[in-house]
Amino acid sequence: MLASYVGKCSKKVKNVVERGAVKKFAEAIGDLHPIYWEEEAGKNSRYQTNIAPPTFPRVFDYGVIEGLNLPAKGLIHGEQSFHYDRPLLVGEELFCYAKVESYDEKQSSMGNIGRLVITSYGEDVLGNIIFTSTATIILTEAVRKAMMV
Amino acid sequence: MTKLVALQVGDSLEEIRLRPVSRLDLIKYAGASGDYNPIHTIDEEAKKAGLPGIIAHGMWTMGNLAKLFTPYVEQGFIQDYSVRFQGMVFLGDVITLHATLTEKKDNQLRFRVSATNQNGNEVIQGEVVFSLYEKISIP
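Chains as they are written, first to last, in the working numbering: chain A, 1 to 149; chain B, 1 to 139.
Because the hints were derived from the structure by calculation, they are not lab data.
Quick reminder that beta carbons are idealized off the backbone N, C-alpha and C, glycines included.
Heads up, a few of these hints could be off.
What the hints assert, rightly or not - Simulated restraints, written as ranges between beta carbons of each label pair:
1) B:D11 to A:Q48: 37 to 45 Å
2) A:S109 to B:V5: 37 to 45 Å
3) B:K3 to A:G63: 39 to 47 Å
4) A:A3 to B:R17: 38 to 46 Å
5) B:K105 to A:E38: 27 to 35 Å
6) B:S22 to A:K73: 17 to 25 Å
Given the sequences, and given the hints that come with them, work out the whole structure.
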C-alpha cells in the first residue's frame, strides 16, 4: 500500500528562515554560536548575515503528500541525511516540498519492517535546490496494520 | 583557532561532553523543532509505546553532534551530514560527541562522526563532509 506513494510529491510551501526560530533552535541544540544569532557577527562573517544550523530544516513546512497519512505515533526514525549547496541564510525564503523516494519491506530482528524514504527539498526563489534532507522511517508490522484500519 | 585544513587523517576534533539529558532539554527541542511526539516529553506516553521512559528526539542528538563543526564556519560548511540512529537516549544519559578525519580530497574533509553514551555505546553514527572555501594544497 505504501509502495503506491513512491514518486509522489507535496506542493511547494514558502518558508522563511526566521531569525527568532533560528536562535531558538540553536539554543535547543546547545549551539549558541554568535554566527546563528548575533547580527554583528553575521555582518562581519563571510556570509554577511547570520546562518542557520545544518539540522534546522527540521522546522520547515514541506506541505502534504496527498493521501499519505502516517500515524503520529509508532514511527521510528532510522536514518537521516542532509546535503547542502551552501548554508541557509537568516531571512531568506525557501520553497520546500517532500517526495516519497522509496519503500521496501524486509525481515529484521524487529520482524518484518517497512522502510519509507522521504526526501525533502528546499529551493531558492530562482528554483535552485539549496538543500535536500532525507529521512528513512521504519514502520513495524504492528504500525502498518494499525494504518489499514 | 585550529585550521581544519591542517588536520591529518586520523586526527580528531576536540570532543564535547554534554550535560546529562534533562526533560527540559527535550521540551525545548520539541518547541524549537515542532516535533511534539509525546514519547519525547511525557512519561505515560513513552510507557504506552513500550519504552522504559521518555527518549530524546534522534534529531536532538544529531543537531548537537553538528556543533563540533560550528567553530569552523569561516573555513567552510557542512556539505553532507548523514547519520544512522542506533540507540536510544534516555533522561540522565551523558552524551559525548566525536569526529575523526577519515579522508582529505580536493577541498573536502570527510569525518566519521558519532555520539556515545556513558556506557561507551554509539547512539548515533555517521559521516560529515566538510567543504573548505580554501583549496587543500598538497606540498
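Q: Taking the numbered hints from earlier one at a time, note which ones the structure violates and give those numbers from smallest to largest.
A: 1
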